[in-house]
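*Asks:* Below, each chain spelled out in residue letters.
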Amino acid sequence: MALTRQIKSSSPDMPRLGINIEIAFTFLSSRRRQTAVAAMGVTFGMSMFIFINSLITGTNEYFEKATLSTIPHIRLYQDNLMCTPDMLNRYLGTGRINLISNPELTISDNRIYNPGSIVQLVRQYKQTEAVSMQVSANVIYANGNVQQNGNVFGVNILEQDKMFDISSTMLAGSVNDLNQTLDGILIGSGLSRNLNLKNGDRILLTSSNGSSKSLKVVGIFQTTIKSIDNSKTYVNVPQVQQLLKKDRSYITDIYVNIRDHNKSAPVAHELEKLTGYNAEAWQVANQQSLAARRIRDIIANSMVLVILLVAGFGIYNILNMVIYEKIKEIAILKANGFAGRHVVSIFLWQAFIIGLAGSIIGEVFGWIISLAVSKIYIGVGNVTYLPMTYYFRHYLQALAFGLITSALAGYIPAIKASKVDPVKIIRG
Amino acid sequence: MEPAPALQADHITKYFYDPVKFQVLSDIGFTILKGEFVSITGKSGSGKSSLLYVLSTMDTDYEGMLMLDGEVVTGKKQDQLAMFRNNKLGFVFQFHYLLPDFTNLKNVMIPALRLKKYDYREVEHRAYEKLGMLGVQELALKLASRISGGEQQRVAIARALINDPVIIMGDEPTGNLDSKNAANVFDIFRTLSREFGQTIITVTHDNDFARKSDRILEMVDGKLIY
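Listed in order, the protein sequences are those of chains A and B.
The opening residue of the first sequence carries number 1 in our numbering; numbering runs sequentially from there.
The opening residue of the second sequence carries number 1 in our numbering; numbering runs sequentially from there.
It is possible that part of the hints are untrue.
[As the list claims (entries may be wrong)] Below, simulated DSS-like cross-link-like pairs (lysine-lysine); rule was C-alpha separation at most 30 angstroms, straight line:
(1) B:Lys-116 with B:Lys-88
(2) A:Lys-419 with B:Lys-76
(3) B:Lys-116 with A:Lys-226
(4) B:Lys-117 with A:Lys-419
(5) A:Lys-416 with B:Lys-116
(6) B:Lys-76 with A:Lys-424
(7) B:Lys-34 with A:Lys-424
(8) B:Lys-180 with A:Lys-419
(9) A:Lys-416 with B:Lys-21
(10) B:Lys-77 with A:Lys-419
(11) A:Lys-416 with B:Lys-180
(12) A:Lys-424 with B:Lys-77
(13) B:Lys-223 with A:Lys-375
(14) A:Lys-328 with B:Lys-180
(15) B:Lys-88 with A:Lys-424
(16) A:Lys-424 with B:Lys-21
(17) A:Lys-424 with B:Lys-223
(18) A:Lys-419 with B:Lys-88
(19) B:Lys-21 with A:Lys-419
(20) B:Lys-43 with A:Lys-424
[Stated by the list, open to error] Label-pair restraints from in silico Cβ distances:
(21) B:Ala-183 with A:Lys-416: 37 to 43 angstroms
(22) B:Gly-70 with A:Phe-313: 47 to 53 angstroms
(23) B:Ala-183 with A:Arg-32: 37 to 43 angstroms
(24) B:Glu-138 with A:Lys-416: 36 to 42 angstroms
(25) B:Arg-121 with A:Lys-419: 33 to 39 angstroms
(26) A:Arg-33 with B:Glu-138: 54 to 60 angstroms
(27) B:Asp-208 with A:Phe-313: 50 to 56 angstroms
(28) B:Glu-138 with A:Met-303: 40 to 46 angstroms
(29) A:Ser-302 with B:Arg-121: 50 to 56 angstroms
(30) A:Phe-313 with B:Ala-183: 50 to 56 angstroms
(31) A:Met-321 with B:Thr-191: 52 to 58 angstroms
Bear in mind the hints are in silico, worked out from the structure with no lab data behind them.
Glycine included, each C-beta is placed from N, C-alpha and C at the ideal position.
Chain A extracted, bound-state conformation:
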């Protein structure tokens, strides 16, 4: 409002904004209430845009983090191979053409050969952050007569801790205890409850080939993902190798974490070429979470689109009203030498002023709403409060969308205003 007064008093120090802007401003300030309502439309749109984007991004990040707390960015493994003529060539030589008429899967124990050198190779790769070898097996856990199925993972626990931050989920004991106890085992909270096991108790593991081992519980963890807490256990690598009756170099998986987990797919592809083993990126292993993310994005975007559309109609509406009311003034401006493009400019400036005012207030409101909603307690599973993010880019995007919407909404009235025929209006 200070600016209007300045224009009206026509003080010599008034900023020289140009006559089109000045007229635009005066047109709007003569219709303050409608201008405020139109700007509020934009404000509402902007704050919802920011709030929804902040929440959706927060949700996506939350679930991504939850996913990546149990699986690595990339998993290297050996799949069963289909027989190919190449394999036959290696055996029979290439002196003649070898064909296989009915190819079958080759028999293999899915091991990664010479895992140490593969780990070395992966470690040297520029994107790599952490590498961990492991061997896993399906087992039956037993304490007395009570039994339960599950998977035991033979790992270097310190490396895995670096990847998944197992330490932060420990209820009892620590990952170091496993490192120092060769026959130790870390079990999930669910398993501990079901089999009534405490720290220091012994648990019997039986593998599918009949061999069994008695291990000492040195720690209990809780990831809050029930299926994992009920079945997963960590032991030292040799324990699983022995359970499976394999040699000391038997390794089935190499887990790799990289710097930017969003680049997992291309990096996995390169590691596949580098090592010759199958490399699976976490997105491929968790396509349902990607689908969920896509759906959330679509819901958010369509809501935001509708809100912006409504805001745009608000601007369109007031500018049409301004044309209707100021048609004589537009005619006289044209008589006095304002060309069509000047009239367009006057109306686009009006749209821009409404858009800018609305957006700036909307940015603040968006932030306040985000802050307020992030204080709402949810308390389901391990979600305590709504996961909210505060990214500068959301605020920047909101501003850009607000201004673009305003400009588009102002364009049609602007063209309409520029087509006003002064002769018709002035002659009456």
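With chain A fixed as given, assemble chain B onto it according to the hints.
*Replies:* Positioned in the frame of chain A, the structure of chain B alone reads:
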């Protein structure tokens, strides 16, 4: 030395198409010299206003040729015509058509701010000058909607003068004023024409006003009679 022509019209013909085709101007040709004060008169429906709007360059839907200040304006594009009007023409209408949300000063300044020939301070200075010339300088900072009809018409004349136009065109400039204010407006035009060499063309049905001007162009049924 013979003064140069300010306006030259050749074979101006215009039709209205709504509701039926109707010839409103037929083959009009005349010349107005710089500094002349010309009144166009005629009964209503004679086509005098239609002629003025053709001369004003705002109406481009006509046949024939129009030359203003030595420049053929017939066939120019709308934006060029707008620039031409801004630079060379001034208008005074029956209603003042001031922008009510602006001060009188700003109303006068707007055409000059559009022209951008002078910087802001200079434009402001000139606007004060024009308002002073018309005796309404003290109203400069009032809103245009807050002054009397006679004052508004004077501000409108000041606005018409701001860019030192070659021609001032008036459409019933006194039509909405009482006799005292009407006489006032006439005196202003008279002075502009005599002392400042300003060309003035007004449409009027005020016979007093017409009689006192330099020349009368009378129209009957879309034709000029001399």
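*Asks:* So which of those numbered hints doesn't the model satisfy?
*Replies:* Violated: hints 3, 8, 11, 13, 26, 28 and 31.
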